[in-house]
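Residue numbers (this note's numbering), protein chains in the order written: chain A, 947 to 1031; chain B, 40 to 279.
Because the hints were derived from the structure by calculation, they are not lab data. Any given hint could turn out to be false.
What follows is a set of in silico ranges between Cβ atoms, one per label pair, in the way DEER data are often shown [to be verified]: (1) 83/B to 1020/A: 22 to 28 Å; (2) 225/B to 1027/A: 27 to 33 Å; (3) 1012/A to 195/B: 19 to 25 Å; (4) 183/B to 995/A: 55 to 61 Å; (5) 1023/A to 196/B: 18 to 24 Å; (6) 1012/A to 244/B: 16 to 22 Å; (7) 87/B to 1025/A: 19 to 25 Å; (8) 1023/A to 112/B: 39 to 45 Å; (9) 1002/A to 83/B: 40 to 46 Å; (10) 1027/A to 107/B: 32 to 38 Å.
As the structure is a computational prediction, the values presented were derived from the model and not from experiment. By construction, the Cβ of each residue, glycine as well, lies at the ideal position given by its N, Cα and C atoms.
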Amino acid sequence: MQKRGFPLLFVAALAVAGGACRGNDRTASPSTTVTTTATTGAPAPATDAAVEADISAVDGDLAKLDTDLTSADQGVDGQETDPGQ
Amino acid sequence: MSRARHLIIVACIVVAAAVPAGAQTATTGPARAQQLALLKARGDAEIARRITTLDQLAARMSTSRHITDADRTRLTNETSTEKAGLTSLKAKIDADTDLATLRQDLHRIVVDFRVYVLVVPQVHLTGAADAALSAADRLAAISTRLQTLLDQAATAGNDGNVLRSQLADANAKIAAAKQLAGPLPDKLAVLTPSGYPGNRDVLVSARDALRTARSDLRSARDSIRQVVSSLRPARTTTTT
């Protein structure tokens, strides 16, 4: 019971947060938006997408970290050949 | 007796003088010119390769967002100085007429600049630290938002202890990663070619720290994904 109520609260909070972010776009009644979102049982699409985008950005940073570490490996473990020899 | 001794001494001097003269003769003429040209071409190619690499490193530095302006300036100046030095050395190599001097100058391409064993890892490790700090900041921002939702849930009577624990683990990993990556740009920026190979230990320890930070960040990201996934309810199409 407690487990089901928890996601619904999350949805409502996301809907309110998403609505606040939309600002001037929300010319319709705020209560209409919140009620509609909560009764569909799914997160507000804009907010859900924003979280996914943030996590994707983290994945991008970690990919850069991988690339840089691999590039550094070659230098840290390598040696330069003297072209005069 | 005395005259004979003088003759022996003179003969030794003549032989001693003849050895280097003979050696010199062996490397004069077309063969020597060919060897000079070959070594110069090799030196020019090695310098060109390094300048291309330095340009790529400068581009990598320009996209870093979390290092300080001072560190970025120091590394940018270092790559510029290296390019100028290599360009100057190329002019000297091209003008060399003596094989021994040419060989010394070719040796300087490596020891005076240390492009591949110092500057390349120096810049990439700084870039890696920058990426780690960027990931840590993003994860911390997501975590803060999730924490707010959990707090609101707690106020409404939903404890969410498991999720709180997962988020706390993620926060600890994020903090650890920042602590590891944060000091590295400053430590790396001060390394110079003249300090190599003595300063190689700094490169090795920086790489080890970043490998641990990467592991921490992956773990934090996975925990945060689990929290988000747990908070997201099953999608239904129920309408009222």
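Checked hints:
1. 83/B to 1020/A: 22 to 28 Å: 23 Å Cβ-Cβ, so the 22 to 28 Å window holds.
2. 225/B to 1027/A: 27 to 33 Å: holds, 32 Å
3. 1012/A to 195/B: 19 to 25 Å: violated, 41 Å
4. 183/B to 995/A: 55 to 61 Å: violated, 19 Å
5. 1023/A to 196/B: 18 to 24 Å: violated, 56 Å
6. 1012/A to 244/B: 16 to 22 Å: holds, 19 Å
7. 87/B to 1025/A: 19 to 25 Å: Check passed, 20 Å falls within 19 to 25 Å.
8. 1023/A to 112/B: 39 to 45 Å: violated, 29 Å
9. 1002/A to 83/B: 40 to 46 Å: Holds, since residue 1002/A and residue 83/B (Cβ atoms, about 45 Å apart) stay within the stated range.
10. 1027/A to 107/B: 32 to 38 Å: Since the Cβ atoms of residue 1027/A and residue 107/B sit about 35 Å apart, the hinted range of 32 to 38 Å holds.
The structure does not agree with the numbered hints 3, 4, 5 and 8 stated previously, though it agrees with the rest.
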